[in-house]
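Got chain A sorted already, so can you dock chain B onto it with the hints?
Protein chains: 2
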Amino acid sequence: MAQATPTTRVDIDAILAEVRAALSEGDWERAVALIEALRPPDQADVFEELPPEEQDQLLPRLDLEDSADILEELEEEDAAEVAARLKVADLARILDEMEPDEAADLLGDIPPERAAKALAKMEEAEEVRPLLAHADDTAGGLMTSAEVLLHKDMTAEEAIAYLRSIAPESETVYYLFVVDEDVRLVGVVSLRELVIAPPDTRIEEIMDPDVIHVRADADQEEAARLMSRYDLLALPVVDEDGRLLGLITHDDLVEVLEEEATEDIYRLGGVPEEQPIDVPVPAALRTRLPWLVLNLGTAMASATVLSIFESTIARVAALAAFFPIVAGVSGSAGTQTLTVVVRGLALGELEPRDGLRALAREVLIGLTNGLVLGGLVALIAAIWKGTPMLGFVVGLATLLNMISAGIAGVLVPLGMQMLRIDPALASPILVTTTTDAMGYFMYLGLATLILPRFL
Amino acid sequence: MAQATPTTRVDIDAILAEVRAALSEGDWERAVALIEALRPPDQADVFEELPPEEQDQLLPRLDLEDSADILEELEEEDAAEVAARLKVADLARILDEMEPDEAADLLGDIPPERAAKALAKMEEAEEVRPLLAHADDTAGGLMTSAEVLLHKDMTAEEAIAYLRSIAPESETVYYLFVVDEDVRLVGVVSLRELVIAPPDTRIEEIMDPDVIHVRADADQEEAARLMSRYDLLALPVVDEDGRLLGLITHDDLVEVLEEEATEDIYRLGGVPEEQPIDVPVPAALRTRLPWLVLNLGTAMASATVLSIFESTIARVAALAAFFPIVAGVSGSAGTQTLTVVVRGLALGELEPRDGLRALAREVLIGLTNGLVLGGLVALIAAIWKGTPMLGFVVGLATLLNMISAGIAGVLVPLGMQMLRIDPALASPILVTTTTDAMGYFMYLGLATLILPRFL
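If you read the sequences in order, they're chains A and B.
For my numbering, count along the first sequence from 1 and bump the result up by 9.
For my numbering, count along the second sequence from 1 and bump the result up by 9.
Isolated chain A (complex conformation) (with noise of 0.2 Å):
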């Protein structure tokens, strides 16, 4: 097996074109063994490349299972539109065949009216009804209910008879949790320390009572920093009085730090919502363009103050061919400098309290790429131009920018974090108006103040 496939890799395209061969002969039973052959993620893969009109075909003719896996592992936005189309009760009960979680963001996403009806046809309702009570981003959206729970009394052996006799076929069960008579988390078991204990050990005796755990209203991403800094595979959301509600599991945890880690992207390309990649234009523009329109205002600082030195410019018309420069590449230091503190302030390792150590050491960096870029900048302008003075303006501008750089990269967004607003949401366009601006005053200033007397 191993080597006809050094590494695991499923030709999604190859088994795309033989699927719709199959169905363009009518041939439904193989279109089936072809999508059940598959694992979840590839099944969902060739499925949402198919028309409405045969994905509504083939979807009851999969085993109820391979069809909750589907609604499972497709974009949000997709799997509702085909429970959308569905009928309510072939719908209820693929909902009853996903994990609990899934269901529930599922039902979340329907409009409200379909979503009561399919739960009402549910025979696992109950499972899945406590879950709708959760905004989204909470730890008690991401939760699943907990399928299992041992009791502080039991004994290993009994633990493990009472596993085997529910078979259980969640995701949940690498760690145990262990509750009293009210269902309050008092402890935590690893099925390994299940297996190899004594079979009379009780569980109170091996279990560990100091459980990791979050607050049901607690932020996702508080939730996920958790389980990665201390290696979680499951981790037990509470209510206010201690009792267990249900359970994070390590999928979700991978998907948080997927959609944190796109989020900051995002916004610091200036994109602040985080969007599908083949949204639909109006929803694109809405996003994007009343940014674009905050950032037409903040440019206006810089063009005011090229208004100021109009008369400076008409003078010497060469200074313009340097604004990119004094400007532009600032511009990309303050964004290198923002760039680092941004995601050290994301990933905990740069505090507040950190602020000075950061600011000198950026400013101290600042200064070196402004003796090195100001000099080069200077030279390439004092020969380009022919005028040494030129250079000697364009190059003291670059400096004293690079500097300026350095202050706003570490200032806006440490600024932004005590302010509580998102520091990769509103530091990109700042730091790069600060830039713009202060480029554009000091070297016009400078040029205003020393070039009339040389030229």
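Please note that the accuracy of each hint is not assured.
No copy labels: a pair is met if it fits in one copy or bridges any two.
[To be verified] Straight-line distance between alpha carbons at most 25 Å, and here's what the computed DMTMM-like set of lysine to aspartate or glutamate pairs gives:
hint	residue 1	residue 2
1	Lys126	Asp105
2	Lys161	Glu202
3	Lys394	Glu319
4	Lys161	Glu213
5	Lys126	Asp145
6	Lys161	Glu268
7	Lys126	Glu84
8	Lys161	Glu136
These are calculated hints, taken from the structure and not from any lab test.
What follows is chain B alone, placed relative to chain A:
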């Protein structure tokens, strides 16, 4: 318990203060007790804040297991520094307690001579040595040795008895991998399936023979992609003959995901290489300065355009006021497009074959953005400068440059991807160079053609 601490939080600063107080009174016992009461990541956070002399005195007094945990949890560079100061015999004893993959990583970070001496004194050197052969950023470099392997001919009962007898401590025991006589990977069984199977079932009957796996020389990103796509807790690593070499565990997945996200964020921000937040200034300069010099080079394109139109600028210096808008705001639009495309490529949501569709979308978005922003800018310019024709020129240039920003934002990263250059690395600088130079060219070109007739 849960009532007192609604969400698990550890106050590192408070504990650090207590540890410092204990140390200043020479109360080693209390300092050790304070640290040993913490979980490993918190132990490392406290430990790394102490001065080297205190670290060196504290470490030998801690439980061997706690020392090992601390070295595992410290940042790589910090762990290497501590390891460099330890006596070789002490280091070897601690390495024996560490997870084999962590021990191998640490040995790779200290001088080779010292690593060889420590290996020679280790009891479990044979578990670590094979891991040293693999490059850091490959699947082999991530894997740890598989402590527990089942043979396909065992029964479930024998397997459980075997597990109980060796009482594995490892993180790797939630999936049990099954091998044949030649240690070739032939299947996987979860501990859950093992526990709930009738005792006399043969492993071969309950195992899943279709195991997702990766070759040791595959890129670590490939391994992370497989684990996150298929929700794996452990991924087996095989050699070219399909023999099982080791396992990649879920904690490595989280680390790789964060590393890759940081790398993308850094590269998009113009910092080509990931560095810790407190990297020494010279090292920071080595990474950042060359990038700025390159940026200076590309900015010369815009400088040249501006230079060509020097006489136009001299005649109508008011034009300069709108440089930050025509070039800058379109640059922001280009960055938005670029961000969406680069992240889509990284997450596999966008394939090069979707390029044309993405291009059409972004041109449409650029056109709409351009109409709105161009109109707005035209209005501002016409009113502010009292010259309607100036407004027309600025507005039209903005519109055209918004479209070219959309085109560059799609084509540059896709082109990089096809040239097998990381799109996050080279794209930002090329996209903003394009929007800058194109913006100046179209704006000043239009101005030169049109304005003289009206002014």
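Do the hints match the structure? See the list:
1. Lys126 - Asp105: Only inside one copy: Lys126 and Asp105 sit 14 Å apart there, 59 Å across copies, limit 25 Å.
2. Lys161 - Glu202: Both: 14 Å inside a chain and 24 Å across chains, each within 25 Å.
3. Lys394 - Glu319: Result: close both inside a copy and across copies, 20 Å intra and 12 Å inter.
4. Lys161 - Glu213: Only inside one copy: Lys161 and Glu213 sit 5 Å apart there, 35 Å across copies, limit 25 Å.
5. Lys126 - Asp145: within (21 Å within a copy, 53 Å between copies)
6. Lys161 - Glu268: neither (37 Å within a copy, 40 Å between copies)
7. Lys126 - Glu84: within (23 Å within a copy, 53 Å between copies)
8. Lys161 - Glu136: within (23 Å within a copy, 37 Å between copies)
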